[in-house]
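Colleague: Here is what each chain is made of, one letter per residue.
Number of protein chains: 4
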Amino acid sequence: MSETVPDLKELLEGLPKNWGKWGNDDEVGSLNYLDSAQVLKGIATVRAGKTFTLQVQMGNPDGDPIWPGRRPAQRMNVLDHGHFMSGKGPHFPGNMEYCDDMMVMYLQGSTQYDALGHVWYDDQIYNGYDAKTTIGGTAKAGVLPIGERGVVGRGVLIDMARHRGKDVLDKGETFTHEDLLEAAASQGVTIEKRDILLIRTGWIGSFYRRDPEEFYKDFKEPGLTFSPELVRWFHEMEIPNLVTDTIANEVTIDPKSGVALPLHSALMRNLGVAFTEIILPDELADDCAEDGQWDFLYVAAPLKVVDGSGAPVNPIIIK
Amino acid sequence: MSETVPDLKELLEGLPKNWGKWGNDDEVGSLNYLDSAQVLKGIATVRAGKTFTLQVQMGNPDGDPIWPGRRPAQRMNVLDHGHFMSGKGPHFPGNMEYCDDMMVMYLQGSTQYDALGHVWYDDQIYNGYDAKTTIGGTAKAGVLPIGERGVVGRGVLIDMARHRGKDVLDKGETFTHEDLLEAAASQGVTIEKRDILLIRTGWIGSFYRRDPEEFYKDFKEPGLTFSPELVRWFHEMEIPNLVTDTIANEVTIDPKSGVALPLHSALMRNLGVAFTEIILPDELADDCAEDGQWDFLYVAAPLKVVDGSGAPVNPIIIK
Amino acid sequence: MSETVPDLKELLEGLPKNWGKWGNDDEVGSLNYLDSAQVLKGIATVRAGKTFTLQVQMGNPDGDPIWPGRRPAQRMNVLDHGHFMSGKGPHFPGNMEYCDDMMVMYLQGSTQYDALGHVWYDDQIYNGYDAKTTIGGTAKAGVLPIGERGVVGRGVLIDMARHRGKDVLDKGETFTHEDLLEAAASQGVTIEKRDILLIRTGWIGSFYRRDPEEFYKDFKEPGLTFSPELVRWFHEMEIPNLVTDTIANEVTIDPKSGVALPLHSALMRNLGVAFTEIILPDELADDCAEDGQWDFLYVAAPLKVVDGSGAPVNPIIIK
Amino acid sequence: MSETVPDLKELLEGLPKNWGKWGNDDEVGSLNYLDSAQVLKGIATVRAGKTFTLQVQMGNPDGDPIWPGRRPAQRMNVLDHGHFMSGKGPHFPGNMEYCDDMMVMYLQGSTQYDALGHVWYDDQIYNGYDAKTTIGGTAKAGVLPIGERGVVGRGVLIDMARHRGKDVLDKGETFTHEDLLEAAASQGVTIEKRDILLIRTGWIGSFYRRDPEEFYKDFKEPGLTFSPELVRWFHEMEIPNLVTDTIANEVTIDPKSGVALPLHSALMRNLGVAFTEIILPDELADDCAEDGQWDFLYVAAPLKVVDGSGAPVNPIIIK
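Chains as they are written, first to last, in my numbering: chain A, 1 to 319; chain B, 320 to 638; chain C, 639 to 957; chain D, 958 to 1276.
Hints in this document: simulated from the structure, not taken from any laboratory. Misleading hints may appear alongside valid ones.
Quick list of in silico lysine-lysine cross-link-like pairs, DSS-like style, CA-CA up to 25 Å [stated by the list, open to error]:
no.	chain 1	residue 1	chain 2	residue 2
1	A	LYS193	B	LYS369
2	A	LYS256	A	LYS17
3	B	LYS575	B	LYS485
4	C	LYS659	D	LYS1007
5	B	LYS407	D	LYS1045
6	B	LYS407	A	LYS220
7	A	LYS50	B	LYS512
8	C	LYS679	D	LYS998
9	A	LYS21	B	LYS369
10	B	LYS575	B	LYS336
11	C	LYS647	C	LYS659
12	B	LYS328	A	LYS88
13	C	LYS688	D	LYS1174
14	A	LYS41	B	LYS369
15	D	LYS1007	C	LYS688
16	B	LYS340	A	LYS50
17	A	LYS217	A	LYS256
18	C	LYS894	C	LYS655
19	C	LYS894	C	LYS855
20	D	LYS1045	C	LYS858
21	D	LYS1213	C	LYS688
22	D	LYS974	D	LYS1213
23	A	LYS50	B	LYS575
24	C	LYS831	C	LYS659
25	D	LYS1007	C	LYS679
26	A	LYS50	B	LYS328
27	B	LYS340	A	LYS9
28	B	LYS328	B	LYS340
29	C	LYS659	C	LYS679
30	D	LYS1177	C	LYS647
31	A	LYS88	B	LYS539
32	D	LYS1150	D	LYS978
33	A	LYS171	A	LYS256
34	D	LYS1177	D	LYS1213
35	D	LYS978	C	LYS688
36	A	LYS217	D	LYS1174
37	D	LYS1007	C	LYS831
None of these values were measured; they are calculated from a predicted model.
If we strip away everything but chain A, and leave its shape as in the complex, we get (with noise of 0.2 Å):
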C-alpha cells in the first residue's frame, strides 16, 4: 500500500469518463450500449431452453450475505389461517382465505443492481449531476431508469474461482481483466464487445453459505483489481454491466494505492458501467462447465423504486 493513500480524483485522473456520451439528461449510462443487435446477439446464444436465476434467496431469517453495517430483510406475516382459525380474518363471500405478509430491507441488501448515482466523489455523481441529488432519494441516476430499462444482452461467465482451481478465492484475494482474458481463454469463450460481464468467486456460494460467521469477520473480500489498464479495457470493451457473486463487485481495498472501492467510481461513476452484486451463480457455473457452453442471454430488471440508489433483482439466464 502506498504510503500516502490518494484521493479518488487524484487517482482517476486522465482515465475515460462517459459523460455526456448519450446526453446530458441520460441516468443509464452504458447499458445504452445494448441495443437491439445485442439483445438479438444474447438471444442467438440460446440452444437447450435451460433457464437459471441468480438472486439469493431474501429474507431468510437465518441472515442475508449483506455489506457489514446493513441490516438483513425482515418478512412480517399479517393474515395467514391462523387469523381465520381464531375468528380474526376478514369474511369473504364463498368463504376465501388468505395470507399476507410485508418486508422491512435494504434496497441494497439483496442480488440487487446499483443506481449509477450510488457512489461518487467529487460532489458529482455520473453524468456530472450533483451530488445534492442524492439527498432523501436518489432523484437522478437512480434505480428507476435501470428499471424502466431493463437488461437484456449476451451474458458470459467467468469463473475465476475454478480457473484458479479453487473452492473460493482468499479473503482479499485480487485478479485483472488480464486474468479474465486467460480464463475465458481456458473456459474456450470469448468475451465479446458489449457482453454482459459475470464472474463468479464462490464468496456467496461457497464462502457464506458454509459459515456466515467467518464471513463477516475481519471483512475483505476477493474481487476485480484497479489499473489505468482496466479501466480502459472496460472502455473499449464498452462493457455495459458488471456481475459477480461478492457484496461490491470488487477487491474491499485496493492492495497497491489503499483506495478502498475505487473501481465503483472508476466504472460506475466515470463510464456509466451498471454494478449487480451477490449473485449466487453457483448452479450455473456447474452447468456451463459440464456443456461447455459459458456464453448465454441475460435477462435482468431490477425493481423500479422510485429515487431508489439500488433495488433488488433476479436475473434469469438463458441457455
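Got chain A sorted already, so can you dock chains B, C and D onto it with the hints?
Modeller: What follows is chains B, C and D alone, placed relative to chain A:
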C-alpha cells in the same frame, strides 16, 4: 347475484384440479408446463430485439396502486450527500461517498407473483398442503420456489380494452375465455397451449394514473369472470400463468354467484396457475398494435423471499 | 393576511431568545425551569390520588391522528398462538408459549415530544446549533436529552373548548395568551410561573374521533396564534412545556402574517419551550370540571430515541 | 436440574391464581392493587424533588440490549436540513424548516411493559382468556389497558448486585424473595404490601454496556428463581409490578426444575403481576445508596399500542 352465496367448495365441486400431478412435493404447479420446449418457443418469437418492462413504479411518494387495506411501499434514505456535507458520512480511504436506503413494503403491494399458497378454502392450499402451513409464513407453495425457478415462455397479450374500443374497462365489467378468443382472433394472434396469458384492461395505466381517488372509491375491478367452462378451458389449455393489469386478476365479485374472487381458488389453488398482478402493459400494447405482433418472449422472476406469500417482480418482454 | 408573507427571521426580529442561558451545551431549554422546587410544587397539588393518561391510542387499524403526509403506525405480530397451533412456535423447556410483535412508526406520529431541534429557520436550531446537525438524525437538541431528563412539575389545564361553550373549536379558530388567562380565571385556577401549560380544544377527542375524513379535509387546526406579546408572556412566565390536543400546538396558518406555524420557531427554537402534541385530555378535563381542580402533578418522559426528532410519550397526570 | 423437565401446568399446580378476582373482563391484573391509597402512599415518599428516568436508550446505531432473536430498533430520517440545502424540502409560508423520522422496532425491544397476555401455557392466558385471542394481535390482556391505566405507586429498589458486593451478578446467578428481604433489611428499607418492586442486578448498566458481545454469548441471565414459596409471597404481598434490569425479569432457566422462565407464567399469567423489563436503574441506585432512601414515587405508562404484546416505556422515579 344468486339469493344465497355458495361456498367455494360447493361452487367448484367437480371442476378439475392438478393436485399431485407433479408429485406431492410440488410447489410451482402449472409453471411445470414451461419446459425447455416452451422456453425455445418463446425465444422463437423474437424478431426485432425490442424490450419492455411491465412493473408499475413502486414507493412513489404519491402512492402505489394497491388492494384496499394494504399500504403503499415507503422508501427512506439512510445515507446520502447530506451526511457528507455535514461531516456525518463514513470515511473511506480515497474519499468515496455513497447513498443508501431502506424500504417497507407489502410483498403484494406492487406488480407481483402470488405464491400458489396465497389463497385457499376448505383448510387446504394448492396441492393439498394444510392451510396451517401458511401461519407465520408461507412455508409450502410459497413464492420462493417460483423465484428459484423463474418463468420463461411464449407470452400472448390480449388487449380487452382496445378490443372493446375503450380506454379502460368499466368498474365490474366482465369478460370470459370466449371473449379472449374473440379478441385474439381480431388481433390476429392465436392463444396456444401452454402460453403465458397477459390481459390488458387499462385499469392501472389509464384509470389509476388518471384518478387514484376515484379508483379506490367503491372498489370493484373489471376482469375475467368465473364459469365451469372457463376453468376447464384453462385446464385443457394448460395455461401456466395469468398476468393482468388489475390488482386481483379477476372481477372482484362474480356477478352470477356473488362469490368474491372465485378464480383465485379455481385456477390458482386447484390448477396451480400462477397469478401475476398489477402489471403496466400499456406501452407494450401500443407497440403490439403498431407492429401487429402480439406474441413474445416473456421472462420474469419474482424476488426469492423466503416463506413469502408473494413477491414483487419486474417482468421483461422481448419481441 | 398580509399581502406579502414575511420570513420568520423578519417576523421574530427583536423577540426574546434563551440561547446560551443554560450554557452552550444545553439541549433541553426551558425544561431547565423544572427544578426540584417545581417538582415539589407539582407534588403538592395532589389530593385524591386520581391518575389520568394522556396519550392517544396508536397503531389503531383504523388509523391514528397525524399530520398530513405522515403515515399511521402499523403493528404486526411476528409470533403468536397460531405458530404453536401449527407446530411452528419455538420450544421452551416447560412449554411456555408467547407472542411477539413489531411496529413501524413515525416518531411524531402519536402523542409526542418534539425535540427542540425539530424546527428552525435561518440555518440554526435551538441554542444556535447548526441546522446541519439535523442531517441523518437530530444530533443536537434531539429528543434523547428530554427522555433522559423527564418532565415533572405542576401542570394546569385550560379548557378553551369548554370556556367557549363548544364541543370542539372550529377549523382555524384562534386564541391568545389573554384568552388563556380569561379562561383560567373562569375555571378558578391561576397559571403560575413555570407551570406546564396544557390546552384542550376538543380537536382530537371530539373532532377526530367523530369524523376522521372531515378532520383531514382542508386541514387547518385551531390554536394559539402569534403575537409579540404572546411570545413575551411565555418568556416572562418561563413556561417550560406547551401541551395541547392538536397535532401542531398552534393555529396552522397565522391569520395575521400568513406565516405557517410561527410559534414553533418563536417558542421552541428561540425560547426552548418543549412542545407536547396530540394529547387526549378529555377525560381529565371532565374530571377537573367536576371537582374544580385544574392543577395537578404532570409526569412525562418521551422514549429515549437516539438522535430522534421527537418521540412518543404517554404522559400521566396525578391529582 | 431434574431428569425430566416438568410441564408448566404440572410445576404450577396448586399455586395461587388471581383469575376472576377483578371480574371476568379484567385485563390489568395486580395493577388493580394500585388504588388511590397507593398513589398517595407513593406521593408521600417524595422529599427532595429529585427525578430519574429508567429507560435504556433505544435505536442506538451500535445496537440495543434485546432478547436473542429480536432485532434492535432502527431510526431513519425522512426529512432534514439536507433536503432544504438541496432544494428538496417542502416550502412553508415564512420558511420554517424541520426534520422528521421513522422507526422500526420490536415492541419488546427496549425498556417495556409486557402485556399480561404476552406468555401462557395450557392454551389460556391471564384471566382465562383463550390463547387464540393472541393471534394477529393481543386482543385480550394486551398492553393497551395498561397504557390507558398507567402505573403509579410506591416503589422500592432492591440492589442485589450491591448487596452481594458485585458490579454485576454472574450469568445464571439466582436469588429468592428471602434474599430480597435480606437485601432490603441491609439497605434499611421495608418492602410493604402493594409496593412496586424494582431489582438491580447490574446486567444492563454494568455488563451490557461493557461488553455486548460477551453479553449475548451463551445467553443466560441472572435473576429471581422459582419456588412455590416465592409465588405465595408475591401473592400475599400483592405485588402489582416487578421491574428489573434484565431482559426477562427472572433467571433464564430455573436450575431446579429445568423449566424456562417459569415466573412469567406463575406471576404474570396466573397472578396478573405486570412485568417491566430492561430498565437502567444504575444512577437511581447510586443516589439511593448515597441518601439512604430506597423508596420513591414510581410513575410509568407504556405506549397505548392497540393489541400490543408489550410496549416501550420510560418510567420516572420521583424522590
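Colleague: Look at each hint and say if it fits the structure.
Modeller: Here's how the hints hold up against the structure:
1. LYS193(A) / LYS369(B): Roughly 20 Å between the alpha carbons, so the hint for LYS193(A) and LYS369(B) holds.
2. LYS256(A) / LYS17(A): This hinted pair holds, its Cα atoms lying about 22 Å apart.
3. LYS575(B) / LYS485(B): Holds, because 24 Å separates the two Cα atoms, which is no more than 25 Å.
4. LYS659(C) / LYS1007(D): holds (22 Å)
5. LYS407(B) / LYS1045(D): Measuring from Cα to Cα gives roughly 19 Å; hence the hint holds.
6. LYS407(B) / LYS220(A): Given pair LYS407(B), LYS220(A) holds - Cα atoms ~24 Å apart, limit 25 Å.
7. LYS50(A) / LYS512(B): The hint holds at about 20 Å.
8. LYS679(C) / LYS998(D): Cα-Cα ~17 Å, so holds.
9. LYS21(A) / LYS369(B): The given pair, whose Cα atoms are some 22 Å apart, holds under the 25 Å limit.
10. LYS575(B) / LYS336(B): holds (22 Å)
11. LYS647(C) / LYS659(C): holds (20 Å)
12. LYS328(B) / LYS88(A): holds (21 Å)
13. LYS688(C) / LYS1174(D): violated (45 Å)
14. LYS41(A) / LYS369(B): Roughly 12 Å separates the two Cα atoms, so the pair holds.
15. LYS1007(D) / LYS688(C): holds (22 Å)
16. LYS340(B) / LYS50(A): holds (22 Å)
17. LYS217(A) / LYS256(A): With Cα atoms ~23 Å apart, LYS217(A) and LYS256(A) stay inside 25 Å; holds.
18. LYS894(C) / LYS655(C): Between LYS894(C) and LYS655(C) the Cα gap is close to 22 Å, so the pair holds against 25 Å.
19. LYS894(C) / LYS855(C): Holds - the C-alpha atoms of LYS855(C) and LYS894(C) are around 22 Å apart, at most 25 Å.
20. LYS1045(D) / LYS858(C): holds (24 Å)
21. LYS1213(D) / LYS688(C): Distance of about 43 Å is beyond 25 Å: violated.
22. LYS974(D) / LYS1213(D): Cα-Cα ~22 Å, so holds.
23. LYS50(A) / LYS575(B): Outside the cut-off at roughly 43 Å; violated.
24. LYS831(C) / LYS659(C): Cα-Cα ~17 Å, so holds.
25. LYS1007(D) / LYS679(C): Holds, at about 12 Å.
26. LYS50(A) / LYS328(B): violated (38 Å)
27. LYS340(B) / LYS9(A): Roughly 61 Å between the alpha carbons, so the hint for LYS340(B) and LYS9(A) is violated.
28. LYS328(B) / LYS340(B): Holds - the C-alpha atoms of LYS340(B) and LYS328(B) are around 20 Å apart, at most 25 Å.
29. LYS659(C) / LYS679(C): holds (23 Å)
30. LYS1177(D) / LYS647(C): violated (57 Å)
31. LYS88(A) / LYS539(B): holds (24 Å)
32. LYS1150(D) / LYS978(D): Given pair LYS1150(D), LYS978(D) holds - Cα atoms ~17 Å apart, limit 25 Å.
33. LYS171(A) / LYS256(A): holds (16 Å)
34. LYS1177(D) / LYS1213(D): Holds, because 15 Å separates the two Cα atoms, which is no more than 25 Å.
35. LYS978(D) / LYS688(C): holds (22 Å)
36. LYS217(A) / LYS1174(D): OK: LYS217(A) and LYS1174(D) at ~16 Å, within 25 Å.
37. LYS1007(D) / LYS831(C): OK: LYS1007(D) and LYS831(C) at ~20 Å, within 25 Å.
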